[in-house]
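Student: The lines below spell out each chain.
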Amino acid sequence: MRARIFIRLKEGVLDVQGQVVQRALRNLGFEEVENVRIGKLIEMELSNGEEGRIRDMCERMLANPVVEDYEIVIEDGEG
Amino acid sequence: MGKVKFAVVVFPGTNCDMDCYYVVKEVLGEEADYVWHREEDLSPYHCIILPGGFSYGDYLRTGAIAKLSPVMEGVRREAEKGKLVIGICNGFQILVEAGLLPGALLKNTNLRFLCKFVHLRVENNQTPFTHLYKEGEVLRMPIAHYEGRYFAPPPLLQSLEKNKQVLLRYSDPEGKLKEEANPNGSLNFIAGIVNEKGNVFGLMPHPERCSEEVLSSEDGFRIFKSMADWMKAQL
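Chains as they are written, first to last, in my numbering: chain R, 3 to 81; chain V, 0 to 234.
No wet-lab data here; the hints were simulated from the structure.
Where hints are given, some of them may not hold.
Stated by the list, open to error - On the chain R side, residues computed to face chain V include the following (Cβ under 10 Å):
#, residue
1, Leu11
2, Lys12
3, Val18
4, Asn37
5, Arg39
6, Gly41
7, Lys42
8, Leu43
9, Met46
10, Leu48
11, Leu64
12, Asn66
13, Val68
14, Glu70
Computed from a prediction, not measured in an experiment: that's the story for all the values here.
The beta-carbon is built from N, C-alpha and C at its ideal position, and this holds for glycine as well.
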């Protein structure tokens, strides 16, 4: 079983990396880019894909709930 | 009475431990031991220092792995008993990750590692860490970090201010809060905060790097001295 965990800075938390990348993209000629937010993707393989346990991992270590939100996507089937 | 005992906690990647140990032992004249992060029992110590560095290579987030080390249980226990805990730089990051201090530390707004002297204004001198300073006094201390932008959601920020938990703010040499004096974009110019109980202190600047005249500033020394004197008064 495989899980993907997306970790993003909460709305309202200034993402300076995102701002710099947006500016750089505009300098490259991609003027349509209006906002960029940069997060993390964690992929893991598990013997047990119980979502509650993955949530627990996020709360206790993978994300910092003060400034980050997380989203868990579980992919079923033989990996 | 005997000497005040300081624990200097060492994680893999800590690199300011020797400076802290040296200041406590040689400059302050109290006792110090290095304590490896696998140890759990910190009960023999009066004061605990979490020094700066790059614990676990800053993997995942600064302090995110270190907060899970066994020694942090000991830190939590001793903090509950009212012992003094100070986290410097990466130590501050570990304390916020561990939930022993509120808020979070994010990447500096200019996305640069900043290594330079800054000015700090003492906001509250009614604490075990700052009682040897004057309120409003301006200090000169070095910073060395990439992730030092203090962040707290608005309600938390308000309660920190209301409870006088902000002990140090970045300022200009005259003690004025000017945007250009805020090196990393910290909210409300925050450089150091204390917990509600007043016995856990975290700060981004490095007092151990400015505790002797030869280092061009002695302004950090009174933090260690405040802790030791305060502890002596309790014993």
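Student: State for each hint whether it applies.
Tutor: Okay, the hints, checked on the actual structure:
Interface restraint check: Leu11(R) against chain V, minimum CB-CB distance 8 Å, threshold 10 Å, status holds. Evaluation of the Lys12(R) hint against chain V yields a held restraint, the C-beta minimum of about 9 Å falling below 10 Å. Proximity of Val18(R) to chain V holds as hinted, the smallest CB-CB distance being about 5 Å (cut-off 10 Å). Of the supplied interface hints, the one on Asn37(R) is violated, with its beta-carbon coming no nearer than about 17 Å to a beta-carbon of chain V, more than 10 Å.
The closest approach between the C-beta of Arg39(R) and any C-beta of chain V is roughly 13 Å, which is over the 10 Å cut-off, so the hint fails. Nearest Cβ of chain V to the Cβ of Gly41(R): about 12 Å, over the 10 Å cut. The hint is violated. With its C-beta approaching chain V no nearer than about 8 Å, Lys42(R) sits inside the 10 Å limit, and its interface hint holds. A least Cβ separation of about 13 Å between Leu43(R) and chain V goes past the 10 Å threshold, and the interface hint is therefore violated.
Evaluation of the Met46(R) hint against chain V yields a violated restraint, the C-beta minimum of about 13 Å exceeding 10 Å. Interface restraint check: Leu48(R) against chain V, minimum CB-CB distance 18 Å, threshold 10 Å, status violated. Hint status for Leu64(R): holds, given a least beta-carbon distance of 7 Å to chain V, under 10 Å. Contact between Asn66(R) and chain V, as hinted, is supported at the beta carbon level, the nearest pair being about 6 Å apart and thus within 10 Å.
Given hint, Val68(R) at the interface with chain V, holds; its Cβ is 4 Å from that chain's nearest Cβ, closer than 10 Å. Interface restraint check for Glu70(R): the shortest CB-CB distance to chain V comes to about 8 Å, inside 10 Å, so the restraint holds.
Violation of the numbered hints given earlier is confined to hints 4, 5, 6, 8, 9, 10; the remaining hints are satisfied by the structure.
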